[in-house]
Amino acid sequence: MEKPVLRDPGFYVMVATGFAVLFGAPMVFDFFEIMQMTQYVVLSVFALSLAYIWGFGGILSFGQSAFFGLGAYTFAVSAINMGDTTIPLALAFIIPALFGVALGYFMFYGRISDVYLGVVTLVVTLILWKLINHTAGPEYAIGKSRLGGFNGIPSIPIVNSPGDASADLDPVQLFQFFMVVLIVVYVGLRFLIGSDFGRVSVSIRENETRTSLLGYDVRRHKVIVFAIGSGIAGFSGAMWATYQTFIDPNAFSLEMSAKALIWVMAGGVGTLVGPIVGVIGLQYLSLKLGEMELLNNFVILGFILIVLVLALPKGVVPSIRMWALQGWELARQRRSGAPQGKPVASDV
Amino acid sequence: MDYALIVVMEILRAVSLLVLLAGGLAIIFGMMRVINIAHGEFLMLGGYTVIMSVKAGVNLWIAILILAPIVVGIFGIIVERLVIRFLYGRMIDTLLATWGLSLLMIGGVTLIFGNTSEGVSTPLGSITIGAYQVAVYNVVLIAFAVLFLVAAWAVLKYTKAGLIARATMQNPGMAETLGVNSTLVYMATFGIGSALTGLAGGLLAPVTGVVPSMGVNFIGQSFITVITGGASIIAGTLSASATLGSVSQLVTFGAGPVYGDAALLLAALILLRILPQGITGRIFTRSL
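First to last, the protein sequences are chains A and B. Oh and the first sequence: position 161 is 161 in my numbering, straight run, nothing missing. Oh and the second sequence: position 241 is 241 in my numbering, straight run, nothing missing.
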């Protein structure tokens with residue numbers, strides 16, 4: 001049973017940490033480190049999109065990068081055409097969300113069950129990736145922006161203050177803007193999960209048949225959850241595009257989807273903190289291992305994924321929480337001199 | 001007339017290709033309910049086995065028909081022992097673990113052989129039909145697809161091993177009480193499925209060439225065929241391959257291969273919307 005959001009001290013700790021990083025980091029870290037952290041922030045938003053639909057809606061999507069890529073391309077094309085970035089940012093949420101509704105309609109109203117769902121989302125991602133790779137010729141252009149196929153789209157505008165296309169944010173402001181987005185997404189999702197709607201989606205995750213017998217429209221519910229996740233993923237794609245000022249079809253790649261899954265799994269399915277921890281930990285690890293140039297990224301990612309599934313299927317955060325609870329229980333028993341029973345993990 | 005013949009040939013080739021690609025996957029999925037995301041990389045491994053042995057001076061046909069299935073089959077058994085067997089009944093975890101395996105294999109092969117495309121020339125040359133040239137190798141592909149379907153049907157229907165396999169597939173607990181060693185059956189099934197995938201990869205190698213990331217090009221089609229086919233191994237594979245292969249090949253004729261792929265997916269999505277359990281979930285339900 002989840003506690004009400006406003007009575008959970010963890011929620012305040014997270015928000016306070018968020019604000020501390022938002023204002024503190026630019027004072028403590030140098031320019032390069034801020035750029036690096038910006039990347040973690042963007043990818044954390046992406047990870048949260050999957051953490052929500054998988055952990056709290058029971059929808060395992062292998063195609064989260066489809067929405068990430070779609071958001072990135074939507075932002076790139078519309079920002080290049082419009083100059084100003086305010087409307088493109090909104091579009092980067094809306095268009096992937098609409099695509100999520102369309103795809104979700106096919107999948108959930110077709111009653112495609114969990115594993116099939118994974119495969120269908122995977123295949124959709126592959127097809128989008130192939131199609132976008134195919135758009136190299138000059139005939140594939142939307143307005144002023146050529147899609148560029150496998151060459152990608154260069155010189156994507158940086159986010160500017162609303163209404164003034166010439167006032168680009170500098171890297172520190174961009175970092176702060178992204179931190180605000182991350183905090184808003186985190187707080188929004190926490191409240192959504194705590195709401196009536198969120199409780200129904202958790203009950204769908206736990207038992208779909210029972211929920212539908214209680215009178216909830218499971219299919220419509222899942223479509224909405226999926227669409228929200230898609231929108232957030234799309235928005236993180238736009239953040240990625242403007243952060244790099246460049247986007248290529250790899251945004252749609254399976255590697256990107258795999259990374260999202262690994263972060264969420266590593267951190268812990270069914271938490272929102274876990275995936276953020278996962279992003280920071282694994283991206284840092286993969287940066288350091290990459291510097292050694294011994295193994296390539298695929299080997300590292302693949303190995304981590306297999307080991308995680310076999311050894312730590314619950315993820316880091318839930319495991320630590322469980323160990324902590326057991327340890328605390330054990331210590332309490334020792335102190336009170338009570339007979340030592342088998343420690344019971346209470347579900348918090 | 002000649003053109004019509006060519007179109008029919010091409011459609012048959014596309015259907016056969018899907019049968020070969022999806023066959024191994026369908027066996028593993030149909031019997032064990034394990035979805036092997038690394039399927040594309042098993043194909044790639046079969047392809048590499050052929051190309052590397054031909055470069056080492058082995059006869060092409062020996063490489064395709066013997067070496068590729070053996071190498072990939074053994075690899076499959078090793079994978080089953082090391083990873084998959086811990087995950088039976090945890091379908092989602094198998095998906096994740098085999099995805100990890102797929103990334104690991106792409107990375108590993110890139111480390112060993114480098115990220116370059118390798119190939120051998122397509123054997124057997126071509127024949128002329130009217131104004132068109134047709135590669136004889138296409139006929140070989142079609143023949144192997146037919147052979148696979150007939151052989152799988154015969155083995156499952158008429159041999160003792162087939163009977164045990166079907167029993168374990170239907171009810172593993174009951175089969176075990178009757179003295180079937182289901183661990184062994186699962187291991188053998190995974191091995192055979194992998195070996196078939198290796199054979200398919202070997203057959204593909206002279207046509208497409210090999211590159212570490214080649215699996216990506218086939219995995220979508222393979223999965224969608226198996227899923228659209230539904231639970232029955234042979235009827236499902238055949239009916240889904242026939243439907244999807246025809247659609248994608250006809251669109252390819254009209255608009256080019258990229259749209260052919262997209263049409264395949266779209267057709268599959270619509271089919272799944274109508275028949276969520278796959279084709280054999282509604283029609284031919286009692287077939288093999």
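Hints are computed from structural coordinates only; laboratory data are not their basis. Where a beta carbon is used, it is the ideal one built from N, C-alpha and C, also for glycine. Treat each hint with caution, since some may be false.
[Claimed, not checked] According to the in silico footprint, chain B covers these stretches of chain A (three or more CB under 8 angstroms from chain B):
(1) 12 to 26
(2) 101 to 111
(3) 250 to 263
[What the hints assert, rightly or not] Label-pair distances were calculated between CB atoms; the ranges are:
(4) Y105(A) with R85(B): 45 to 51 angstroms
(5) E291(A) with G173(B): 47 to 53 angstroms
(6) E291(A) with T128(B): 55 to 61 angstroms
Evaluation of the provided hints:
| no. | hint | result |
| --- | --- | --- |
| 1 | 12 to 26 | violated (count 0) |
| 2 | 101 to 111 | holds (count 4) |
| 3 | 250 to 263 | holds (count 4) |
| 4 | Y105(A) with R85(B): 45 to 51 angstroms | 38 angstroms, violated |
| 5 | E291(A) with G173(B): 47 to 53 angstroms | 51 angstroms, holds |
| 6 | E291(A) with T128(B): 55 to 61 angstroms | 58 angstroms, holds |
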